[in-house]
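Could you put the whole structure together from the sequences, leaning on the hints where they help?
Below, each chain spelled out in residue letters.
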Amino acid sequence: MQTVGQKRCRTDFDKFVIVSNFERRQWLKGDDDDWDFYWASVTTIKRIFSPENTVRLEPHQIINHFPNHYELTRKDLMVKNMKRYMKQQKKDVLPDPVADFVPVTYILPQDYSLFVEEFRKAPVPWIMKPIAKAQGRGIFLINKLSQVKKWASTDIPAAMRPQTENYVVSRYIEDPLLIGGKKFDLRIYVVVLNYKPLQVYMSQLGFARFCNIKYSSEVAEMDNQFVHLTNVAIQKHGDEYNSRHGNKWPLTDLRLYLEATRGHAATSKLFDNIKSVIVGSLKACQNVMINDRHCFELYGYDIIIDQDLKPWLIEVNASPSLSATTQSDRLLKCKVIHDTFQLVTPPDWDLAAVITPGQTGQVSRCLPKAVGSMQLLYDETTELEQGRARRDALLSTESVKRGRRKTMIDSVAQRPVSAYA
Amino acid sequence: MQAQDGELLQAVTQALQQDLRYEQIRQQAKAYAIDSEDPISQLETSIFQHLLTSGGATFISNTAYAATEQLQQSYQAVPCIGPASVEALDSCGKDRHLHLRGLPADSLQKAKQAWQKLLVERLYYLQAKLDLPLVQPRKCKAGVQQDTPGGSTEPASVRIADREQPYLAHVPLLQDSHLFGVADWYSLVTTLLNSHWDTISSAATQTLEAVNKANPTTRQELGSDWMSWGWLQGFFQGLRAQHRQVGLDDMLHAWFQQSSIQTGEACLEAGVIPRCRSALQTGAPPALRPRLWAAALALHLPQASVETRFQGLCSQVEECHLLTDLLIEQDLETVANSEHFFLFEESLRAVLLAVSRDSELGASCCHKPFPTLLARTEAGNTRGPYPPSGLLPCRGLVEYAAPLCYLFADQASCAVLFCSMYARFWCRLHTIDDTAGKHATLISLCVLFLHLLEESEGEVAQHLRGLGCPPLHLALPWIMTAFAGHLAVGEVLLLWDRILGFDSLLPLPLLAVAVVAFRRQVLLSAESKEQVMSIMEDLSQLKTVPLIQGILFGR
Numbered sequence: 000m001q002t003v004g005q006k007r008c009r010t011d012f013d014k015f016v017i018v019s020n021f022e023r024r025q026w027l028k029g030d031d032d033d034w035d036f037y038w039a040s041v042t043t044i045k046r047i048f049s050p051e052n053t054v055r056l057e058p059h060q061i062i063n064h065f066p067n068h069y070e071l072t073r074k075d076l077m078v079k080n081m082k083r084y085m086k087q088q089k090k091d092v093l094p095d096p097v098a099d100f101v102p103v104t105y106i107l108p109q110d111y112s113l114f115v116e117e118f119r120k121a122p123v124p125w126i127m128k129p130i131a132k133a134q135g136r137g138i139f140l141i142n143k144l145s146q147v148k149k150w151a152s153t154d155i156p157a158a159m160r161p162q163t164e165n166y167v168v169s170r171y172i173e174d175p176l177l178i179g180g181k182k183f184d185l186r187i188y189v190v191v192l193n194y195k196p197l198q199v200y201m202s203q204l205g206f207a208r209f210c211n212i213k214y215s216s217e218v219a220e221m222d223n224q225f226v227h228l229t230n231v232a233i234q235k236h237g238d239e240y241n242s243r244h245g246n247k248w249p250l251t252d253l254r255l256y257l258e259a260t261r262g263h264a265a266t267s268k269l270f271d272n273i274k275s276v277i278v279g280s281l282k283a284c285q286n287v288m289i290n291d292r293h294c295f296e297l298y299g300y301d302i303i304i305d306q307d308l309k310p311w312l313i314e315v316n317a318s319p320s321l322s323a324t325t326q327s328d329r330l331l332k333c334k335v336i337h338d339t340f341q342l343v344t345p346p347d348w349d350l351a352a353v354i355t356p357g358q359t360g361q362v363s364r365c366l367p368k369a370v371g372s373m374q375l376l377y378d379e380t381t382e383l384e385q386g387r388a389r390r391d392a393l394l395s396t397e398s399v400k401r402g403r404r405k406t407m408i409d410s411v412a413q414r415p416v417s418a419y420a
Numbered sequence: 000m001q002a003q004d005g006e007l008l009q010a011v012t013q014a015l016q017q018d019l020r021y022e023q024i025r026q027q028a029k030a031y032a033i034d035s036e037d038p039i040s041q042l043e044t045s046i047f048q049h050l051l052t053s054g055g056a057t058f059i060s061n062t063a064y065a066a067t068e069q070l071q072q073s074y075q076a077v078p079c080i081g082p083a084s085v086e087a088l089d090s091c092g093k094d095r096h097l098h099l100r101g102l103p104a105d106s107l108q109k110a111k112q113a114w115q116k117l118l119v120e121r122l123y124y125l126q127a128k129l130d131l132p133l134v135q136p137r138k139c140k141a142g143v144q145q146d147t148p149g150g151s152t153e154p155a156s157v158r159i160a161d162r163e164q165p166y167l168a169h170v171p172l173l174q175d176s177h178l179f180g181v182a183d184w185y186s187l188v189t190t191l192l193n194s195h196w197d198t199i200s201s202a203a204t205q206t207l208e209a210v211n212k213a214n215p216t217t218r219q220e221l222g223s224d225w226m227s228w229g230w231l232q233g234f235f236q237g238l239r240a241q242h243r244q245v246g247l248d249d250m251l252h253a254w255f256q257q258s259s260i261q262t263g264e265a266c267l268e269a270g271v272i273p274r275c276r277s278a279l280q281t282g283a284p285p286a287l288r289p290r291l292w293a294a295a296l297a298l299h300l301p302q303a304s305v306e307t308r309f310q311g312l313c314s315q316v317e318e319c320h321l322l323t324d325l326l327i328e329q330d331l332e333t334v335a336n337s338e339h340f341f342l343f344e345e346s347l348r349a350v351l352l353a354v355s356r357d358s359e360l361g362a363s364c365c366h367k368p369f370p371t372l373l374a375r376t377e378a379g380n381t382r383g384p385y386p387p388s389g390l391l392p393c394r395g396l397v398e399y400a401a402p403l404c405y406l407f408a409d410q411a412s413c414a415v416l417f418c419s420m421y422a423r424f425w426c427r428l429h430t431i432d433d434t435a436g437k438h439a440t441l442i443s444l445c446v447l448f449l450h451l452l453e454e455s456e457g458e459v460a461q462h463l464r465g466l467g468c469p470p471l472h473l474a475l476p477w478i479m480t481a482f483a484g485h486l487a488v489g490e491v492l493l494l495w496d497r498i499l500g501f502d503s504l505l506p507l508p509l510l511a512v513a514v515v516a517f518r519r520q521v522l523l524s525a526e527s528k529e530q531v532m533s534i535m536e537d538l539s540q541l542k543t544v545p546l547i548q549g550i551l552f553g554r
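Here the protein sequences line up with chains F and R, keeping their order. Residue numbering for the first sequence is 0 to 420, as defined by numbering that gives the first Met the number 0. Residue numbering for the second sequence is 0 to 554, as defined by numbering that gives the first Met the number 0.
No wet-lab data here; the hints were simulated from the structure. Being a predicted model, the structure only gives us computed values, none of them experimental. For glycine and all other residues, C-beta sits at the position ideal for the given N, C-alpha and C. Mixed in with the good hints there might be a few duds.
Stated by the list, open to error - If the Cβ cut is set under 10 Å, some of the chain R residues that face chain F in the computed set are: (1) Asp37; (2) Gln256; (3) Leu287; (4) His339; (5) Gly489.
To be verified - Label-pair distances were calculated between CB atoms; the ranges are: (6) F:Asn241 with R:Ser533: 20 to 26 Å; (7) F:Ser322 with R:Glu454: 46 to 52 Å; (8) F:Ala265 with R:Gln540: 26 to 32 Å; (9) R:Phe234 with F:Leu366: 44 to 50 Å; (10) R:Arg375 with F:Ser322: 53 to 59 Å.
Unchecked claim - Among chain F residues calculated to face chain R with C-beta under 7 Å, some are: (11) Ser242; (12) Arg243; (13) His244; (14) Asp252; (15) Tyr256; (16) Glu258; (17) Thr260; (18) Ala265.
Pasting the structure below:
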């Protein structure tokens, strides 16, 4: 028997940042299906939401992934959704067309011939990434077609080839922004509460992950992972790795540096563009995502900035790393997780508050502008409400106009039949 | 006063005549006068108007201001002010400075001698330990053209920035020995103060009483109620809550962020030095900070001549290694491990090594570096200071330069800015004398900190002393590093904005008192020295502006 107010929680990751946040809220340990909050791994999610699983989630249960999150977090599906979104944007001819924010990418082996055509246009390097792997494993750079011979069209149809062979190949960003001569990428934490309507928060706490070694676009250094790949899992093994700072630079420091060296206008534009990239990527998947009411998600966005201060979306991680490499890293991740919990579990979270299955609209609550380090990035409800208000206003004027133009015949035909006639 | 004004005028005229732009402006004004159709009686006013509109007046007033304020415009091809004028200015300047009362001159002298002895001993000890000469020119193989690194295409600054240079391989042998650091300063200051604290504090109280009783005219002569809250509040008018501050209001109001940028841009357009300085009193928007600091210090950055000179100094570093280079390298360890500055390690290495070869630095400091060791050739002739800048590297020297890397991407500008700031501000932290008031040096700053702490947080001070952790022990590292490495980088820069804006190091002891006052509850409940040290270890979440405003005006 649960006592009201004492929540039960489960986690598939025995990490300090999660467990400490459970403990500070005095949540009890749940088990099996007896839980209110579950910080699950993607494997568990697959199991819970698979058609074979007959057990449904209770209305009060909250879980940390959407059933088909891979539409955004798997490299090939993300690219597919983005391409479709960009095409749609161009067709709609909107007043502010969204600039492309994903490097040109092809899926191998399906798009091999398209890739070859593009490859031959310019002598730039491309980067090969296995679709289903993480932490930088299996990634390498290519500058010759012979290096991708394996994926060339053969007689075996693509569907019959083993899954592990699938790669994405993207145009490599050869001119990344360098600081101290080193390449970096940004890790930004984003919480999605709902896809429909889209409600997104972005954390002010992020960091830049640097390579140990100075960047070089020399051909000889193309195979040097320590120059090109910023994943911590890779850089950790370099000779130059210093665990005191872990090659992580706070986002606030980056902003301070860019303001002084590049000016206010350019820096504001960069950060606004980063926000547009995040919102754009989520809008692209809005219609394919199963918007389960029990779900929220904390994404780890990987973004690279080039020399012209343009952000490029590299990938979105469904399970951003919760291990801490330094003291401040641990503090940062604890705070991000804490703010996430605050966002998804309001203080008056009560077992009695039921989200009925048939309810289509969001339980009306005004989303706060900021919760801890999390700032409201995009709330579609305001847009929808504005749209509704506009439509209502339009309709009311239309009906007034129609009223004036009514002819005798129309009014006779439309006169309501009296119930007492 | 009259004689001093005359000397000042002479110095300013000399400075103007040495600058090429002055000649250009003169020629332009002359041409304007010839072409103008005004009657002769109105010529003077019309030329004056012309100078105002053409920007000539700004240039002249800036040069005059720089000369008066002894802002050495370093890295000019021609020195702005001749050495004779510098001395003249020095002497009239020093007479106007306040002095700390109650500190006898001979104890200062003794402290200086002891200090010099300590440093020289340590240097020779290090030399013996490492078994390296103090000066080591790059060896040339007899008869064979040295395979010069000059054959490579990289500039000298890149080569000297490399950690893997062969000479620096000796660093691990040093095993964390430094010439001097905060601990040494602490023992020096406490020895001086402990023996004379009664006289100092009674002199301060006497002065305050006398000042309170005195009428306004004699108050000026007594001069020194500078340690009172009233004087400080008057001095730091610019920090009053009525004036919106960058570092506080820009985070609360987006409109202020925009307007502060516009005000800053307008200031930079006009280019008048005193205006830029007073703009810094309320803080600089991060985007305009580099230019505002350069303007306030009468520097022109970035500039091609600056880059050439910097590369020249870097080549000098390559030509001849000094033992002090190893000390600098050891100091860089703190930077290499810091999460805020690790990216700038190489830039800082190049900057510090180049600056140590700059002979103009020692000459331009408002308080000459002490002690200045002279290098002699084998023949016995004196060659110059060792190292050429006159600045013996101490532990923590790099921390004055590290935040500057957030302002300029190029190393030459960082180096110039560092030299300028050291010459004007940080050298006062390495001086053993009794200057007080606005231009207070280390000892007066410590006295101010202790005095204010006693007045506002006497309970905490007593508790700390009871735990065996005197307040100065806590605060001296903060004051000596100007809070670099203790506060977040953005906050350090906001603090340094105020130092530049008020042209004084007084914000440092003020902020130290404010930090202790802010954490008073936690400190009062601490039960041991270790606990106190661990409480005060992490200041990274503190905000400079509200703290200083609180301690000054929140009474």
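Could you tell me which of the numbered hints above are not met by this structure, giving the numbers in increasing order? Structure breaks hints 1, 11, 18.
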